[in-house]
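Turn these sequences into a full structure, and let the hints guide you.
So the sequence lines, in the order shown, correspond to chains A and B. Counting from 1, position 89 in the first sequence corresponds to residue 317 in the working numbering; the numbering is continuous, with no gaps. Counting from 1, position 25 in the second sequence corresponds to residue 253 in the working numbering; the numbering is continuous, with no gaps.
Any given hint could be a false lead.
Because identical chains cannot be distinguished in the list, a pair is counted as satisfied if it fits within a single copy or across any two copies.
[Stated by the list, open to error] Here are the computed lysine to aspartate or glutamate pairs in the DMTMM-like style, where the Cα-Cα straight-line distance is at most 25 Å:
(1) Lys272 x Glu302
(2) Lys343 x Glu266
(3) Lys272 x Glu289
(4) Lys343 x Glu253
(5) Lys272 x Asp346
(6) Lys272 x Glu241
(7) Lys272 x Glu317
(8) Lys343 x Glu256
Quick caveat, the hints were computed from the structure, so don't treat them as lab data. Computed from a predicted model, the values in this text were never measured in an experiment.
Protein chains: 2
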Amino acid sequence: MTADHTSPVNFNENGLVPAIAQDAESGEVLMLAYVSAEALDRTKETGRAHYYSRSQEALWEKGATSGHTQRIEEIRVDCDRDAILYLVEQTGGACHTGYHSCFFRRIDDETVGEKVFDPETVYDWDRWLRT
Amino acid sequence: MTADHTSPVNFNENGLVPAIAQDAESGEVLMLAYVSAEALDRTKETGRAHYYSRSQEALWEKGATSGHTQRIEEIRVDCDRDAILYLVEQTGGACHTGYHSCFFRRIDDETVGEKVFDPETVYDWDRWLRT
Chain A
229 MTADHTSPVN FNENGLVPAI AQDAESGEVL MLAYVSAEAL DRTKETGRAH
279 YYSRSQEALW EKGATSGHTQ RIEEIRVDCD RDAILYLVEQ TGGACHTGYH
329 SCFFRRIDDE TVGEKVFDPE TVYDWDRWLR T
Chain B
229 MTADHTSPVN FNENGLVPAI AQDAESGEVL MLAYVSAEAL DRTKETGRAH
279 YYSRSQEALW EKGATSGHTQ RIEEIRVDCD RDAILYLVEQ TGGACHTGYH
329 SCFFRRIDDE TVGEKVFDPE TVYDWDRWLR T
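As structure tokens, this is what we get:
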């Protein structure tokens, strides 16, 4: 079994590729994160989006803490096979700040996104600050 | 003038951030490439999408060769300011293979995208192969 067989994705020197999550229904781009071969395998197996956290150096299931999971509808690769697109059904909001999308701000700082939950009620920030 | 003033973007150790180009009208995700501070400045100045080519190690205006430019409608940053979203009006196709989007294939290799031009008539492949 070759690497090509198990994964048609060209992972970078750190074993990662960027993955875009897009709301399959509205088309809204929700977030950009990184995926390892293991994260991609877990995503395929479970039908829920998994990523690799570079800061935590760990496999990460989106929504494992918040409940704001992403059900996979389709996975695409780009022409060079070095970027991935997850088409998802997003439960709650994708962004830890409470917005539906992490891209809730224009580059001039004007907020254009929709806030869909209060992060204070979802995340245990004390735990986050301790770790 | 501080770096924060000239750019609210958290560029990585190589001076780049990933940038997603999305069709502003259809919502289709067109491509993922990388942007340097200079590329972002040129994008803002010209209203046309610029990127940084890691393989060519050079600033790159999308469509400079093919004519398939991207007119910027809006630029967004994500919550961590380490990814950018270009909302664009795409002339022709975003992908050098002739598809409207670089994400024209599912990960199981089934083609789902729309081919909108013949790359043989657009690119001088001999020149590409020589460089």
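Quick rundown of the hints versus the structure:
no., hint, result
1, Lys272 x Glu302, "within (10 Å within a copy, 33 Å between copies)"
2, Lys343 x Glu266, "neither (32 Å within a copy, 32 Å between copies)"
3, Lys272 x Glu289, "within (12 Å within a copy, 36 Å between copies)"
4, Lys343 x Glu253, "both (18 Å within a copy, 23 Å between copies)"
5, Lys272 x Asp346, "neither (30 Å within a copy, 33 Å between copies)"
6, Lys272 x Glu241, "within (23 Å within a copy, 31 Å between copies)"
7, Lys272 x Glu317, "within (15 Å within a copy, 33 Å between copies)"
8, Lys343 x Glu256, "both (14 Å within a copy, 23 Å between copies)"
Of the numbered hints listed earlier, those contradicted by the structure are 2 and 5.
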